[in-house]
Amino acid sequence: DSGVTQTPKHLITATGQRVTLRCSPRSGDLSVYWYQQSLDQGLQFLIQYYNGEERAKGNILERFSAQQFPDLHSELNLSSLELGDSALYFCASSSTGTWDQPQHFGDGTRLSIL
Amino acid sequence: AQTVTQSQPEMSVQEAETVTLSCTYDTSESDYYLFWYKQPPSRQMILVIRQEAYKQQNATENRFSVNFQKAAKSFSLKISDSQLGDAAMYFCAYRSARGGGADGLTFGKGTHLIIQP
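Note that the protein sequences, when read in sequence, are chains A and B. All letters in the first sequence, in the order written, are residues 1 to 114 by our numbering. All letters in the second sequence, in the order written, are residues 1 to 117 by our numbering.
Think of the hints as simulated: they come from the structure by calculation, not from any bench. Model, not experiment: these values are computed from the prediction. Glycine included, C-beta positions come from ideal geometry on N, C-alpha and C. Careful: at least some of the hints might be erroneous.
As the list claims (entries may be wrong) - Label-pair distances were calculated between CB atoms; the ranges are:
1. A:G84 <-> B:S12: 25 to 33 angstroms
2. A:T96 <-> B:S74: 25 to 33 angstroms
3. A:G84 <-> B:T5: 22 to 30 angstroms
As the list claims (entries may be wrong) - Below 25 angstroms or equal to it, Euclidean Cα-Cα: the simulated SDA-like pairs (lysine to any residue) are:
4. B:K109 <-> A:S2
5. A:K9 <-> B:S42
6. B:K73 <-> A:G58
7. B:K109 <-> A:P102
8. B:K109 <-> B:E10
9. A:K9 <-> B:A87
10. B:K109 <-> A:S112
11. B:K78 <-> B:M11
12. B:K55 <-> A:S95
Model the full assembly from the supplied sequences, consistent with the hints where possible.
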């Protein structure tokens with residue numbers, strides 16, 4: 001158990017819809033990362049937050065947004081969903097967000113777009 | 001941009017034997033971290049081992065060790081005494097130290113490791 005909690009575990013929805021994925025980092029970790037794992041793109045970094053502030057952006061689509069709340073949990077919002085957004089979405093956390101800190105992954109949210 | 005290449009889509013090894021998974025990366029930076037993550041069928045991402053680029057000594061964690069060749073930009077993972085529980089996808093990952101690490105991990109495509117009983 002990594003200590004990172006992601007909900008829900010599975011999500012099934014239709015094209016054009018909007019969903020919110022939630023992540024609670026390990027106790028004491030200030031930084032949260034979001035990754036997308038799909039069959040064609042592999043594992044891709046989406047975005048990083050540190051102590052409530054956006055710190056880095058990766059290959060995140062404009063239809064996607066995220067935030068980190070004062071209690072340090074994070075949400076990833078996906079809107080105008082397309083079939084290609086079907087993927088496993090991981091949240092990871094680390095203590096300070098610096099490059100030398102390992103990232104601990106949650107179990108992921110499996111998103112299926114019908 | 002950095003790239004990570006895992007040239008072996010699939011590897012198979014007999015239980016109790018040793019297997020080496022390959023990883024090469026491309027970067028112009030001198031400070032970075034390299035990681036191996038394991039993803040079993042349960043889909044969790046589990047950190048196996050990590051290596052700081054400025055450390056010459058190869059990292060080891062029990063049956064797992066790496067062969068880090070900085071000049072060759074190579075970072076292979078050796079699994080000794082393979083066990084059935086080692087069966088998984090293994091991902092090599094890179095993280096830059098530039099900007100204090102304000103960046104995520106860059107992953108390779110993964111190697112599917114099969115353990116033959």
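Now for the hints, and whether the structure bears them out:
Distance hint check: the CB atoms of G84 of chain A and S12 of chain B are about 32 angstroms apart, consistent with the given range 25 to 33 angstroms. Under the hint 25 to 33 angstroms, the C-beta atoms of T96 of chain A and S74 of chain B, about 29 angstroms apart, fit the expected range. For the hinted restraint 22 to 30 angstroms between G84 of chain A and T5 of chain B, the CB-CB distance of approximately 24 angstroms keeps it satisfied. Using a Cα cut-off of 25 angstroms, the hinted pair K109 of chain B and S2 of chain A holds, with the two alpha carbons roughly 23 angstroms apart.
Straight-line distance between C-alpha atoms of K9 of chain A and S42 of chain B comes to about 12 angstroms, which keeps the hinted pair within the 25 angstroms bound. Straight-line distance between C-alpha atoms of K73 of chain B and G58 of chain A comes to about 23 angstroms, which keeps the hinted pair within the 25 angstroms bound. A C-alpha spacing of about 20 angstroms is found between K109 of chain B and P102 of chain A, which places the hinted pair at or below 25 angstroms, so the restraint holds. Annotation: proposed proximity of K109 of chain B to E10 of chain B holds, straight-line Cα distance about 11 angstroms (limit 25 angstroms).
Restraint check: the Cα-Cα separation between K9 of chain A and A87 of chain B comes to about 23 angstroms, which is no more than 25 angstroms; the hinted pair holds. Simply put, K109 of chain B and S112 of chain A have alpha-carbon atoms about 21 angstroms apart, close enough for the 25 angstroms limit, and the pair holds. Restraint check for K78 of chain B and M11 of chain B: the C-alpha separation of about 12 angstroms stays at or below 25 angstroms, so the hint holds. In summary, the hint linking K55 of chain B to S95 of chain A is supported, as the alpha carbons are separated by about 22 angstroms, within the 25 angstroms threshold.
Comparing the model with each numbered hint stated earlier shows that all of them hold.
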